[in-house]
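Residue numbers (the working numbering), protein chains in the order written: chain A, 409 to 521; chain B, 588 to 701.
Hints were generated in silico from the structure; no laboratory data involved.
Here are the computed lysine to any residue pairs in the SDA-like style, where the Cα-Cα straight-line distance is at most 25 Å:
1. K463(A) to R682(B)
2. K657(B) to A588(B)
3. K463(A) to Q445(A)
4. K665(B) to E648(B)
5. K411(A) to E438(A)
6. K693(B) to G672(B)
7. K463(A) to K688(B)
8. K696(B) to N645(B)
9. K465(A) to V427(A)
10. K411(A) to Q638(B)
11. K688(B) to Q643(B)
12. K465(A) to S415(A)
13. K479(A) to L634(B)
14. K657(B) to N507(A)
15. K693(B) to G471(A)
16. K688(B) to Q638(B)
17. K696(B) to S495(A)
18. K426(A) to K479(A)
19. K696(B) to G448(A)
20. K688(B) to D459(A)
21. K461(A) to R682(B)
22. K693(B) to R452(A)
23. K461(A) to S473(A)
24. K688(B) to G450(A)
25. K657(B) to R682(B)
26. K688(B) to L449(A)
27. K421(A) to M496(A)
28. K657(B) to Y641(B)
29. K693(B) to P509(A)
30. K693(B) to Y472(A)
31. K688(B) to L634(B)
32. K465(A) to E425(A)
33. K688(B) to P504(A)
34. K465(A) to G684(B)
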Amino acid sequence: DVKVTQSSRYLVKRTGEKVFLECVQDMDHENMFWYRQDPGLGLRLIYFSYDVKMKEKGDIPEGYSVSREKKERFSLILESASTNQTSMYLCASRDPLYNQPQHFGDGTRLSIL
Amino acid sequence: AQTVTQSQPEMSVQEAETVTLSCTYDTSESNYYLFWYKQPPSRQMILVIRQEAYKQQNATENRFSVNFQKAAKSFSLKISDSQLGDTAMYFCAFRNGGSEKLVFGKGTKLTVNP
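Okay, chain A solo, but in the shape it has when bound (with noise of 0.2 Å):
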């Protein structure tokens, strides 16, 4: 089975901190995501991967950036924390070669106070 670890389920961090938030997935998958997930607003994607230090924005990147050194970490960075940036936070990996679908992690819930 597919694994996908976020590194925190909770998060609690102060307007204008800069923030890490940490994926990592075990069955070496080219693509990698990073969504947010808001009440009434579904799924937003932020950014994806598709090979290591390549990125491309997604819907809504403004405030966000993203790392990807290693082919199992991705990694979500707030530069600058702000409150609207509260929400649930949800990596997801997948292996294009065979038309597999995203695999998920448990998410992060990050509030911003």
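Please arrange chain B on chain A, whose structure you already have, making use of the hints.
Only chain B this time, still in chain A's reference frame:
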């Protein structure tokens, strides 16, 4: 741009009954994929079922089946013999064949009552 619409924010069903969740989508593409994902309370999102647009036969996974109406751009999920463990948020999602982007609907909260 592709959009996915789930018109039922919340639904409930009695245990052992059948329930159908609606999903419509908008695209001008011919090669695409559709998915239903399930997110139980405080638990991981998992894939329930998927459908390739080029396949005419509706996908089925045990108690879960879809009604894929390509011309109407409709992709509903039917859950038969509902169980308490089916209580979850259900998201319909769409992906173009040449894209990595999944477009999600806003979700339907399903409650199965004993």
